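Listed here are the chains, written in short residue letters.
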Amino acid sequence: MSYIFRRLFFYLIAAWASITFNFFLPRMMPGDPGVALLAKLRGQGDVRPEAIQAMMKAYGVSDDPLIIQYVDYLKNMFRGELGISTSWFPAPVTQVIGTGFIWTVLLMSTAVILSFGIGSLLGVIGAWKRGSWMDNVTPPVFVFLGSLPYFWIAPLLLFAFAFHYNWFPARHAYNTDLSPGFYWDFFASVAFHMVLPVISLLIVSIGGWLLGMRNTMITVLSEDYVTMAEAKGLGSREVMFRYGARNAMLPTLTSFGMSLGFLLSGSLFTEMIFAYPGMGYLLINSVRNLDYPLMQGLFLMITLAVLLANLIVDLLYVRLDPRIREG
Amino acid sequence: MGSAIQTINASGQTDLGQMQPTSEPDAPLRKAKRASGFIGLLRQNRKASVGAVIIVFFLILAIFGPYIVPYDATKIVGRRHEAPSMDHWFGTDGSGKDVFSQTVVGARLSIATGLIVGGIVTIVGIIIGMSAGYFRGKVDDILSTLTNVMLIIPGLPLLIVLAAFLPAGFWSIVFVLSVTGWAYGARVLRSQTMALREKDFVASAVVAGESKPRIILREVLPNMMSIVVAGLFGAVNYAIGAQAGLEFLGLGNPSNISWGTNLYWAQNNGALLLGAWWTLIPSGLCIALVAFGFSMINYAIDEVTNPRLRSQRQTASILKGQPGRIRSSRATPVIRDESEKRG
Numbered sequence: 006m007s008y009i010f011r012r013l014f015f016y017l018i019a020a021w022a023s024i025t026f027n028f029f030l031p032r033m034m035p036g037d038p039g040v041a042l043l044a045k046l047r048g049q050g051d052v053r054p055e056a057i058q059a060m061m062k063a064y065g066v067s068d069d070p071l072i073i074q075y076v077d078y079l080k081n082m083f084r085g086e087l088g089i090s091t092s093w094f095p096a097p098v099t100q101v102i103g104t105g106f107i108w109t110v111l112l113m114s115t116a117v118i119l120s121f122g123i124g125s126l127l128g129v130i131g132a133w134k135r136g137s138w139m140d141n142v143t144p145p146v147f148v149f150l151g152s153l154p155y156f157w158i159a160p161l162l163l164f165a166f167a168f169h170y171n172w173f174p175a176r177h178a179y180n181t182d183l184s185p186g187f188y189w190d191f192f193a194s195v196a197f198h199m200v201l202p203v204i205s206l207l208i209v210s211i212g213g214w215l216l217g218m219r220n221t222m223i224t225v226l227s228e229d230y231v232t233m234a235e236a237k238g239l240g241s242r243e244v245m246f247r248y249g250a251r252n253a254m255l256p257t258l259t260s261f262g263m264s265l266g267f268l269l270s271g272s273l274f275t276e277m278i279f280a281y282p283g284m285g286y287l288l289i290n291s292v293r294n295l296d297y298p299l300m301q302g303l304f305l306m307i308t309l310a311v312l313l314a315n316l317i318v319d320l321l322y323v324r325l326d327p328r329i330r331e332g
Numbered sequence: 027m028g029s030a031i032q033t034i035n036a037s038g039q040t041d042l043g044q045m046q047p048t049s050e051p052d053a054p055l056r057k058a059k060r061a062s063g064f065i066g067l068l069r070q071n072r073k074a075s076v077g078a079v080i081i082v083f084f085l086i087l088a089i090f091g092p093y094i095v096p097y098d099a100t101k102i103v104g105r106r107h108e109a110p111s112m113d114h115w116f117g118t119d120g121s122g123k124d125v126f127s128q129t130v131v132g133a134r135l136s137i138a139t140g141l142i143v144g145g146i147v148t149i150v151g152i153i154i155g156m157s158a159g160y161f162r163g164k165v166d167d168i169l170s171t172l173t174n175v176m177l178i179i180p181g182l183p184l185l186i187v188l189a190a191f192l193p194a195g196f197w198s199i200v201f202v203l204s205v206t207g208w209a210y211g212a213r214v215l216r217s218q219t220m221a222l223r224e225k226d227f228v229a230s231a232v233v234a235g236e237s238k239p240r241i242i243l244r245e246v247l248p249n250m251m252s253i254v255v256a257g258l259f260g261a262v263n264y265a266i267g268a269q270a271g272l273e274f275l276g277l278g279n280p281s282n283i284s285w286g287t288n289l290y291w292a293q294n295n296g297a298l299l300l301g302a303w304w305t306l307i308p309s310g311l312c313i314a315l316v317a318f319g320f321s322m323i324n325y326a327i328d329e330v331t332n333p334r335l336r337s338q339r340q341t342a343s344i345l346k347g348q349p350g351r352i353r354s355s356r357a358t359p360v361i362r363d364e365s366e367k368r369g
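As you go down the protein sequences, you meet chains P and G in turn.
Under the working numbering, think of the first position of the first sequence as 6, with each following residue one higher.
Under the working numbering, think of the first position of the second sequence as 27, with each following residue one higher.
It cannot be assumed that every hint is accurate.
Claimed, not checked - Below are the EDC-like pairs computed for lysine to aspartate or glutamate, each with C-alpha atoms no more than 20 Å apart in a straight line:
#1 G:K164 - G:D226
#2 P:K134 - P:E243
#3 P:K134 - G:E329
#4 G:K225 - G:E236
#5 G:K101 - G:D113
#6 G:K73 - P:E243
As the list claims (entries may be wrong) - Only part of the chain G face toward chain P is listed, based on derived beta-carbon distances under 10 Å:
#7 F161
#8 G163
#9 I178
#10 G181
#11 I266
#12 L311
#13 F318
#14 F320
#15 S321
#16 D328
#17 T331
Derived by calculation from the structure, the hints in this document are not laboratory data.
In this text, all values refer to a predicted model and were calculated from it rather than measured experimentally.
The C-beta atom is built at its ideal place from N, Cα and C for all residues, glycine as well.
Only chain P is shown next, with the shape it has when bound in the complex:
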């Protein structure tokens, strides 16, 4: 139990650190982004004075000492008050983020699960058949694919399969002629729009899982209990999965949590290139429009989502590895 509490404490520190970073960012930077922001906000016309007041506080355009500003800022955070988006004026930041959240989660989880599954399976098979053609071909191929810059391979896929061959849709998360809802046509359209983005993510991310799994699997396979299992005459599939892969899985699972951050970074480019309306797409657009409140709100939301995902992985880990519970 103490393990979970320690992890929980760590995630709280990480969350606090990113909130504090968000607070100091506009205050430390040259060129006083707060003043520019307020000018922009006033230029939008009809803004409630309280809203202006709140923004002034959030961006340090205030005569209060820093510590009071900080406390006010934390209070606002806890109330979920992230300010007003200037590019989606007058929508509050939280509402704008809400529109993108579900799409990012959907795209990400599909890509992560597929890439983890396929990569690990290939790694297990490669380690089992050391020196076979598969073991000689798959690692270098996927390592090469993994070193391709994502923001390069994705536009090429888009060009080839959406523009040149016209097989897949080029943008958005679903056919905009359909209204979102719980019916078959809509789900089919969502899945169809996901194909290209997910494939592009798989191309660059499978290699990491494959190598990680292959390397731990090789170590595990030289353990005595594997030899023992073989000596007992168990079927090779049983030895491979129940004795080998199951134990090799644990170390890769720890990197699973950390890789979520990496994959999320990839998904920023995915969403931009495929115009997929998730949080990454919003983030890029907020940067282009210099919409600082939305940008910072998104950064915070993305970070908190990654922290939460890691916490879930930790809980899962305790469930899978009983040794952790005592330690």
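Since the structure of chain P is already known, use the hints to place chain G on it.
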């Protein structure tokens, strides 16, 4: 000579067969010694040589590139989006500049960013990681919490937010990439330092009265050079990719010429919609090749330091001189040289 003995000469070939008639018993031993170092093992590794060739090629390009290009990369020298031809090997971009020249010139800024950031990140990683691992206790608690927080905060959103607040330019990008990139190396170095500080040679240095910085830098650090070097290559890789990514998103200075800005302009001029694939392919492929080269060297370092990862094929080729077939097994391949065998 039927047992598993082998000698490796400096050029990396196994030549037990030719060695047999030698009358001097010392000759194979000396040869084995020469190649037994870390660098020697790396030189025999095919992955490492492939990686090194690629990296050296791009380093030469980065240094001499601007002097050998056919056109001035900043000048308009043709029509817009001209397809590749004898005049313009890689065609022209959306404003009529020569893509080949831009690609070659772009190498300099991209690789310079990579090397500078890689260096900074590695030094910061060494300082933080090794202090945490060596001093332990409170220092470790604080430093490793800091490291882990940096690791868990998603990198690219952090990069984007930081870069959006800073003025666009080369040094802003170097700063941003250094701030976000040091944590991974620090974590690896910390655990390695923790393992090494328990060794006898550290204890003897402490007894001899050496100062702590000296023990860390002169006793512990040289013993984990392979990890440091692997970390450096990884960091250079990260920096080249991330810089290109930021520039692709428009967060760099678009008037500089680098692989990232080339891709930015390709995307912004709608190259793909017009079918001008040649503006996008070269710069991206260069980034990919550099990344591939560094990864190859790193996998080779991995294989050399962890013998279990050496492939069956390599083992087989090492043992080639031996009569009879080697039974396929999953056991760790072990290389012995003659001196060990006799002793």
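Verification of the supplied hints:
For the given pair, K164 of chain G sits about 24 Å from D226 of chain G by alpha-carbon distance, which is inconsistent with the 20 Å threshold. As the CA atoms of K134 of chain P and E243 of chain P are separated by approximately 15 Å, the hinted pair is consistent with the 20 Å bound. Taken as a hint, the K134 of chain P and E329 of chain G pair is honoured in the structure, with Cα atoms around 18 Å apart against an allowance of 20 Å. A distance of roughly 15 Å separates the Cα atoms of K225 of chain G and E236 of chain G; the hinted pair therefore holds under the 20 Å criterion.
A distance of roughly 15 Å separates the Cα atoms of K101 of chain G and D113 of chain G; the hinted pair therefore holds under the 20 Å criterion. Our distance criterion of 20 Å between C-alpha atoms is broken by K73 of chain G and E243 of chain P, whose separation comes to about 33 Å. For F161 of chain G, the interface hint is violated, since its Cβ never comes within 10 Å of a Cβ in chain P; the closest pair sits about 20 Å apart. A least Cβ separation of about 17 Å between G163 of chain G and chain P goes past the 10 Å threshold, and the interface hint is therefore violated.
For I178 of chain G, the suggested interface contact is upheld, since its CB lies about 5 Å from the closest CB of chain P, less than 10 Å. With a least beta-carbon distance of about 6 Å to chain P, the hint placing G181 of chain G at the interface is held under the 10 Å criterion. Checking I266 of chain G against chain P: minimum C-beta separation of about 9 Å stays under 10 Å; hint holds. With a cut of 10 Å, the hint placing L311 of chain G at the interface with chain P holds, because the nearest CB-to-CB distance is about 8 Å.
Residue-level restraint check for F318 of chain G holds (minimum Cβ-Cβ distance to chain P is 4 Å; threshold 10 Å). Among the interface hints, the one on F320 of chain G holds; its C-beta lies about 8 Å from the nearest C-beta in chain P, closer than the 10 Å criterion. Hint on S321 of chain G holds. Least Cβ distance to chain P is approximately 5 Å, under the 10 Å limit. Satisfaction of the interface hint for D328 of chain G is found here, the shortest Cβ-Cβ separation to chain P being roughly 8 Å, below the 10 Å cut-off.
Hint on T331 of chain G is violated. Least Cβ distance to chain P is approximately 12 Å, over the 10 Å limit.
The structure does not agree with the numbered hints 1, 6, 7, 8, 17 stated previously, though it agrees with the rest.
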